[in-house]
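Novice: As you go down the protein sequences, you meet chains A and B in turn. The first sequence: position 92 = 92 (this note's numbering), numbered continuously. Start counting at 1 in the second sequence, then tack on 1000, and there's your number in this note's numbering.
These aren't lab readings, by the way, just hints derived from the structure by calculation. Ideal Cβ positions, reconstructed from N, Cα and C, are used throughout, including at glycine. One or more of the hints may lead you astray.
Sample of chain B residues lacking proximity to chain A, with all beta carbon distances greater than 10 angstroms (derived) [said to hold, decoys possible]:
id, residue
1, Glu1038
2, Phe1113
3, Arg1127
4, Ala1137
5, Lys1231
6, Asp1235
Reference excerpt, derived from the structure (chain B facing chain A, CB under 10 angstroms, subset only) [to be verified]:
id, residue
7, Phe1063
8, Val1093
9, Pro1103
10, Gln1149
11, Ala1169
12, Leu1172
Cut-off 20 angstroms, straight-line C-alpha distance, at most; resulting in silico cross-link-like pairs (SDA-like, lysine to any residue) [said to hold, decoys possible]:
id, chain 1, residue 1, chain 2, residue 2
13, B, Lys1105, A, Leu179
14, B, Lys1105, B, Asp1128
15, B, Lys1105, A, Pro200
16, B, Lys1105, A, Trp53
17, B, Lys1105, A, Trp282
18, B, Lys1105, A, Phe194
19, B, Lys1231, B, His1208
20, B, Lys1105, A, Ala172
21, B, Lys1105, A, Ala174
22, B, Lys1105, A, Gln283
23, B, Lys1105, A, Arg190
24, B, Lys1105, A, Pro281
25, B, Lys1105, A, Ile198
26, B, Lys1105, A, Asn192
27, B, Lys1105, A, Ser189
28, B, Lys1105, A, Gly191
29, B, Lys1105, A, Val177
30, B, Lys1105, A, Asp176
31, B, Lys1105, A, Ile193
32, B, Lys1105, A, Arg196
33, B, Lys1105, A, His115
34, B, Lys1105, A, Ser52
35, B, Lys1105, A, Leu279
36, B, Lys1105, A, Ile175
37, B, Lys1036, B, Arg1219
38, B, Lys1105, A, Thr280
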Amino acid sequence: MASDVSLAVDERERRSSGARLRRKLNSVSTRRAAVSIVVALLLWQLGATGPSWLGMRIPILGASPSPVAVAQAWSHLVADPNYWRSWYLSLLRVLFGFASATLVGVPFGLLLAVHPTFRAISYPAFELLRPIPPLAWVPASIIFWPTQELSIAFVIFIGAFYTIVINVLGGAEAIDVRLIQAARSMGASRGNIFWRLILPGVAPSIRVGMEVAIGITWEVVVAAEMISSGSGGAGGGLGFFIWNSYIGGSYPNIVVGMISIGIAGYASSTVVRVAAGRLTPWQRA
Amino acid sequence: MNASQVPRGALSLQDVVKIYDPDGSNVMAVDHCSLKVEAGEICMIVGPSGCGKTSLLNAIAGFHDIDRGSIRLDGEVLCGPDRRQAPIGPDRVVVFQNGALFPWKTNLENIAFGPIAQGRLSRAEARDKARAMMAEAGLSGYENDYPGQVSSGLRRRVEIVRALINDPAVLLLDEPYRALDALTKSVLHESLLEIYYKTRKTIFFITHDLEEAIFLGHRVVVMTSRPCRPKRIFDVDIPHPRDYGVLTSKRFREIAAEVAEAVNEEALKSFTRGEREG
Chain A
1 MASDVSLAVD ERERRSSGAR LRRKLNSVST RRAAVSIVVA LLLWQLGATG
51 PSWLGMRIPI LGASPSPVAV AQAWSHLVAD PNYWRSWYLS LLRVLFGFAS
101 ATLVGVPFGL LLAVHPTFRA ISYPAFELLR PIPPLAWVPA SIIFWPTQEL
151 SIAFVIFIGA FYTIVINVLG GAEAIDVRLI QAARSMGASR GNIFWRLILP
201 GVAPSIRVGM EVAIGITWEV VVAAEMISSG SGGAGGGLGF FIWNSYIGGS
251 YPNIVVGMIS IGIAGYASST VVRVAAGRLT PWQRA
Chain B
1001 MNASQVPRGA LSLQDVVKIY DPDGSNVMAV DHCSLKVEAG EICMIVGPSG
1051 CGKTSLLNAI AGFHDIDRGS IRLDGEVLCG PDRRQAPIGP DRVVVFQNGA
1101 LFPWKTNLEN IAFGPIAQGR LSRAEARDKA RAMMAEAGLS GYENDYPGQV
1151 SSGLRRRVEI VRALINDPAV LLLDEPYRAL DALTKSVLHE SLLEIYYKTR
1201 KTIFFITHDL EEAIFLGHRV VVMTSRPCRP KRIFDVDIPH PRDYGVLTSK
1251 RFREIAAEVA EAVNEEALKS FTRGEREG
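Excised from the complex, chain A in its bound form:
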């Protein structure tokens, strides 16, 4: 009996979020991850500062700014509103392109899945356009759209759209026909089957599509910003920030921009993963 009680206490302790965080931070895998990062930074520092201790330049790494230089550059940039404006602009574009791709892509994929005629008419064209990489759309997009902002958003939209549509379509096709038969034999109408079966049945695929698509949007936004800045515009954003640092010769800032994108991409993927996970509560187990 006594052991039961202590087990229950252990359980409560184990479940409290503070304890969970502490245990996670103390775990072997966290410590290994820390070692991995520290060693990588150390090697980078040694490589970048090759001439001072080795008397010669190490290829590749020797051309890069050292982590210390990057950290210094970053500490200056943190106070620079232009740096944060780059973050803001890129985030806004990703959000806009991603949201519009989701809003258009999910219904489009569902329509393809449930409407054979619509599918017969639009799928071939869709499949023809799909292999065109988003960046190949940049020049056309600049011509199509009145503002630079819209052309960047469109390219991002293209990047996320196909992934979402293909996932929704695949998910809808993978729904077990017996589920639909069971629902019909229990008296479900067509509308019922769509809202209560197809939609939740597709939700896991919508989630996967969104998770993959958010990663693609970051690839695309940076490239689109670089290209648009090359064409004389000054649209800003993290891609522009990197390109501008390269043109201006401030190499530590290039690395700051790269790491910033890494952080922004990771953070937005996490947000999407958590938010989209709510679409499929039954898969949490």
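Starting from the known structure of chain A, fit chain B onto it as the hints suggest.
Specialist: Frame of chain A, contents of chain B only:
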């Protein structure tokens, strides 16, 4: 679950023919099959893999049409010369092999689905009824679990309750306990009989498992290997209510030996033809 109702669910199959002809191959799945199932009977259909048993069940459920013959439920024509495909409806609910619970609905929501979809009950009423039926079937405590969180045996019981809440005339069970281990099966058999004694629903039950067939059924219909038609019909003269003691009785063994012989002939035919599992 009202115990005493006018007995309903009498099925009458008359010369049913089903031909699959997707690419001119002309496979006859069901050949002039005639069979009567009485209201309140547990009728077990046994036959080798791929013999066309499921085609028969799908025709009764209305999932596909028939090419000739007719199927009646309580005297009314479900499908016949004038209407090749039966309407799909909650008077004939199917429980499938491997189960077809909606993974995104909790067990309770799964059970409440039918009455809500048919507009028979409000959401709250349906949930109350579902909860009461779960309690009666010994499933209390699992209301808010998703099907993926409970054992496969429990899922089958939830699925039977989900069918029953629609108050069907006949339950169509398509090898519902296939792929379960023997111990789980025996528990589920007894719980199905318990439900049957309360509701006296007609049960049309397809299986491979001879022991299951004889233990549950009033009659065991052994089907010929494709095309499918009744080969022999065995009356299981062991009185209901039954429990697992029946399995070791002399009469059970005698019937089992007879049924096994009849099935074995057909299984051999089907095996040499290399039928797929179906």
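Novice: Next, verify each hint and record whether it holds.
Specialist: Quick rundown of the hints versus the structure:
The beta carbon of glutamate 1038 of chain B sits about 22 angstroms from the closest Cβ of chain A, which is more than 10 angstroms, so the claim that it is off the interface holds. The beta carbon of phenylalanine 1113 of chain B sits about 6 angstroms from the closest Cβ of chain A, which is not more than 10 angstroms, so the claim that it is off the interface is violated. No Cβ of chain A approaches the Cβ of arginine 1127 of chain B within 10 angstroms, the least distance being about 15 angstroms, so the stated non-interface status holds. With 10 angstroms as the threshold on Cβ separation, the claim that alanine 1137 of chain B sits away from chain A holds: the shortest Cβ distance comes to roughly 17 angstroms.
Consistency note on lysine 1231 of chain B: stated as away from chain A, and its beta-carbon is indeed over 10 angstroms from all of that chain's, at 28 angstroms minimum. At roughly 30 angstroms, the least C-beta separation between aspartate 1235 of chain B and chain A is larger than 10 angstroms, which holds for a residue marked as non-interface. Taking 10 angstroms as the C-beta cut-off, the interface hint given for phenylalanine 1063 of chain B holds, the closest approach to chain A being about 6 angstroms. Checking valine 1093 of chain B against chain A by beta carbon gives a least distance of about 5 angstroms; that is within 10 angstroms, so the hint holds.
Annotation: proline 1103 of chain B was flagged as interfacial toward chain A, and the flag holds, the nearest CB pair being 6 angstroms apart, inside 10 angstroms. For glutamine 1149 of chain B, the shortest C-beta to C-beta distance to chain A is roughly 5 angstroms, which falls under 10 angstroms, so the interface hint holds. The closest approach between the C-beta of alanine 1169 of chain B and any C-beta of chain A is roughly 12 angstroms, which is over the 10 angstroms cut-off, so the hint fails. Look at leucine 1172 of chain B: its Cβ gets to within about 8 angstroms of chain A, closer than 10 angstroms, so that hint holds up.
Distance hint between lysine 1105 of chain B and leucine 179 of chain A is fulfilled; the C-alpha atoms sit about 12 angstroms from each other, no more than 20 angstroms. Distance check on the hinted pair: lysine 1105 of chain B and aspartate 1128 of chain B sit about 16 angstroms apart at the alpha-carbon level, within 20 angstroms; holds. A threshold of 20 angstroms between alpha carbons decides the hint, and for lysine 1105 of chain B with proline 200 of chain A the separation of about 9 angstroms falls inside it, so the pair holds. The straight-line distance between the Cα atoms of lysine 1105 of chain B and tryptophan 53 of chain A is roughly 65 angstroms, outside the 20 angstroms bound, and the hint therefore fails.
Restraint check for lysine 1105 of chain B and tryptophan 282 of chain A: satisfied, since their Cα atoms lie roughly 8 angstroms apart, inside the 20 angstroms limit. In summary, the hint linking lysine 1105 of chain B to phenylalanine 194 of chain A is supported, as the alpha carbons are separated by about 15 angstroms, within the 20 angstroms threshold. As the CA atoms of lysine 1231 of chain B and histidine 1208 of chain B are separated by approximately 15 angstroms, the hinted pair is consistent with the 20 angstroms bound. Annotation: proposed proximity of lysine 1105 of chain B to alanine 172 of chain A holds, straight-line Cα distance about 17 angstroms (limit 20 angstroms).
Between lysine 1105 of chain B and alanine 174 of chain A the CA atoms are separated by roughly 18 angstroms; this keeps the pair inside 20 angstroms, and the hint holds. Of the supplied pair hints, the one linking lysine 1105 of chain B and glutamine 283 of chain A holds, its CA atoms being roughly 11 angstroms apart against a limit of 20 angstroms. Straight-line distance between C-alpha atoms of lysine 1105 of chain B and arginine 190 of chain A comes to about 18 angstroms, which keeps the hinted pair within the 20 angstroms bound. For the given pair, lysine 1105 of chain B sits about 10 angstroms from proline 281 of chain A by alpha-carbon distance, which is consistent with the 20 angstroms threshold.
The straight-line distance between the Cα atoms of lysine 1105 of chain B and isoleucine 198 of chain A is roughly 13 angstroms, inside the 20 angstroms bound, and the hint therefore holds. A threshold of 20 angstroms between alpha carbons decides the hint, and for lysine 1105 of chain B with asparagine 192 of chain A the separation of about 14 angstroms falls inside it, so the pair holds. Taking the CA atoms of lysine 1105 of chain B and serine 189 of chain A, the gap is near 18 angstroms; set against the 20 angstroms cutoff, the hint holds. Between the alpha carbons of lysine 1105 of chain B and glycine 191 of chain A the distance comes to roughly 17 angstroms, so the proposed pair stays at or under 20 angstroms and holds.
Taking the CA atoms of lysine 1105 of chain B and valine 177 of chain A, the gap is about 17 angstroms. The hint holds against a cut of 20 angstroms. Restraint check for lysine 1105 of chain B and aspartate 176 of chain A: the C-alpha separation of about 15 angstroms stays at or below 20 angstroms, so the hint holds. Annotation: proposed proximity of lysine 1105 of chain B to isoleucine 193 of chain A holds, straight-line Cα distance about 14 angstroms (limit 20 angstroms). For the hint pairing lysine 1105 of chain B with arginine 196 of chain A, the CA-to-CA distance comes to about 9 angstroms; that is within 20 angstroms, so the pair holds.
As the CA atoms of lysine 1105 of chain B and histidine 115 of chain A are separated by approximately 25 angstroms, the hinted pair breaks the 20 angstroms bound. Among the hinted pairs, lysine 1105 of chain B with serine 52 of chain A is inconsistent with the structure: their alpha-carbon atoms are about 66 angstroms apart, more than 20 angstroms. Among the hinted pairs, lysine 1105 of chain B with leucine 279 of chain A is consistent with the structure: their alpha-carbon atoms are about 12 angstroms apart, no more than 20 angstroms. At most 20 angstroms may separate the alpha-carbon atoms for a hinted pair to count; lysine 1105 of chain B and isoleucine 175 of chain A meet this at roughly 15 angstroms.
Distance check on the hinted pair: lysine 1036 of chain B and arginine 1219 of chain B sit about 11 angstroms apart at the alpha-carbon level, within 20 angstroms; holds. For the proposed pair lysine 1105 of chain B and threonine 280 of chain A, the alpha carbon gap of about 10 angstroms is at most 20 angstroms, so the pair holds.
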